[in-house]
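Here the structure of chain A is known, so what remains is to put chain B in place on it, guided by the hints.
Chain by chain, the residues run as shown.
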Amino acid sequence: MVRRSGVLLKSAATGISSRLAEILVCPLTKQPLRMCEKTNSLISDSIGVSYPIVEWIPRLVPSDGIILQSDQDLNSSDSPQTNSS
Amino acid sequence: MATTLQFALPSIAGRRRRPDSRSIIRPVRCAADRQALFNRIAPVYDNLNDLFSLGRHRVWKRMTVSWSGVKEGDTVLDVCCGSGDLAFLLSEKVGISGKVIALDFSREQLQIAASRQSERSKACYKNIEWIEGDAVNLPFSKSSFDAATIGYGLRNIVDRRKAMEEMYKVLKPGSKVSILDFNKSTSSLNSSIQDWMIDYIVVPIASGYGLANEYHYLKNSIKEYLTGNELEMLAGEVGFSEAKFYEIGAGFMGNLVATR
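If you're matching them up, the sequences are chains A and B in order. Going by UniProt numbering, the first sequence opens with residue 1, and the numbers climb by one from there. Going by UniProt numbering, the second sequence opens with residue 1, and the numbers climb by one from there.
Okay, chain A solo, but in the shape it has when bound (with noise of 0.2 Å):
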């Protein structure tokens, strides 16, 4: 599951449709993913790790996950707010 800001949820920055956010999950922890739309990446919380969206592709193999270094990474501009599902 991926928690977002209240704005649109498929967007060209973005590209995520709300069904697949439905269902996307870290792949390592398959803890919900958080969508930062400052970066473009979804955030795993849970293990401070980062997967990019390139070209409307999310880029969810282990290895493709950056982790992110600071507390200020960590607390991106995107208010987490969990969907109704």
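Keep in mind that the hints were calculated from the coordinates and are not lab data. A hint or two may mislead.
[As the list claims (entries may be wrong)] The calculated DSSO-like cross-link candidates involving lysine-lysine, where the alpha carbons are at most 30 Å apart (straight line), are:
| # | chain 1 | residue 1 | chain 2 | residue 2 |
| --- | --- | --- | --- | --- |
| 1 | A | LYS30 | B | LYS126 |
| 2 | B | LYS244 | B | LYS184 |
| 3 | B | LYS93 | A | LYS30 |
| 4 | B | LYS122 | B | LYS162 |
[To be verified] Residues from chain A shown here face chain B by an in silico Cβ test under 7 Å; the list is partial:
| # | residue |
| --- | --- |
| 5 | ARG19 |
| 6 | LEU24 |
| 7 | PRO27 |
| 8 | PRO52 |
| 9 | ILE57 |
| 10 | PRO62 |
| 11 | ILE66 |
| 12 | ILE67 |
No experiment lies behind these values; they were computed from the predicted model shown. Every residue gets a Cβ at the ideal spot worked out from N, C-alpha and C, and that includes glycine.
Coordinates of chain B only, in the frame set by chain A:
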């Protein structure tokens, strides 16, 4: 029966490395090597599939989709989607009210798949979403999919049990996975003919594309694969309630259908 040679090259997890040399035949053992192999053949993969199977791969893939039990409105998964053949077929079945999630480890294959999608005009193809992902670490919630397929992918996955376990978890109870691949035949005649065709037809033609080493991998990958019985047993061990293997393509291909 037409020559039944089909290429399914690996899409597996691993590190991203490029091989040092393409002139030396090396074992394609680890996931990273297999990923690199599929990236290299991506530009000609579709054309060679048509050439070597004389177009028959399209029929086998339609059978795979049919066996998956997919229907309109479903949310379905295609693992090791490559350039998207099965994803497009699934898309036509689920329609605009459904969704196809297509996953592969090869970035190059996915780029080709996305390009093919943008070139096609059918509205249903808009329902396909491409994911770069690892078959042994699927990034999906449990019980998310009404059906799943893998075409010429399971044979190339290093940890096939893990991949089967992952697919089991993401399928809804009662749903099926339909797995198409070369048949590792128990018939010595079939095996011999398969070997001969790879050695004397596939590899020589592939060498014309500069891909002899990549397609030489094919023969060993079949030998290291599981027989139909072994695939049925593996599915049962992983937890699937039913598993049935069907030989098709004059016995050179096979399709496992497992029900969660």
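Do the hints match the structure? See the list:
| no. | hint | result |
| --- | --- | --- |
| 1 | A:LYS30 x B:LYS126 | holds (27 Å) |
| 2 | B:LYS244 x B:LYS184 | holds (15 Å) |
| 3 | B:LYS93 x A:LYS30 | holds (29 Å) |
| 4 | B:LYS122 x B:LYS162 | violated (35 Å) |
| 5 | ARG19 | holds (5 Å) |
| 6 | LEU24 | holds (6 Å) |
| 7 | PRO27 | holds (4 Å) |
| 8 | PRO52 | violated (9 Å) |
| 9 | ILE57 | holds (5 Å) |
| 10 | PRO62 | holds (6 Å) |
| 11 | ILE66 | violated (14 Å) |
| 12 | ILE67 | violated (16 Å) |
Hint compliance for this structure: hints 4, 8, 11 and 12 are broken, all remaining hints hold.
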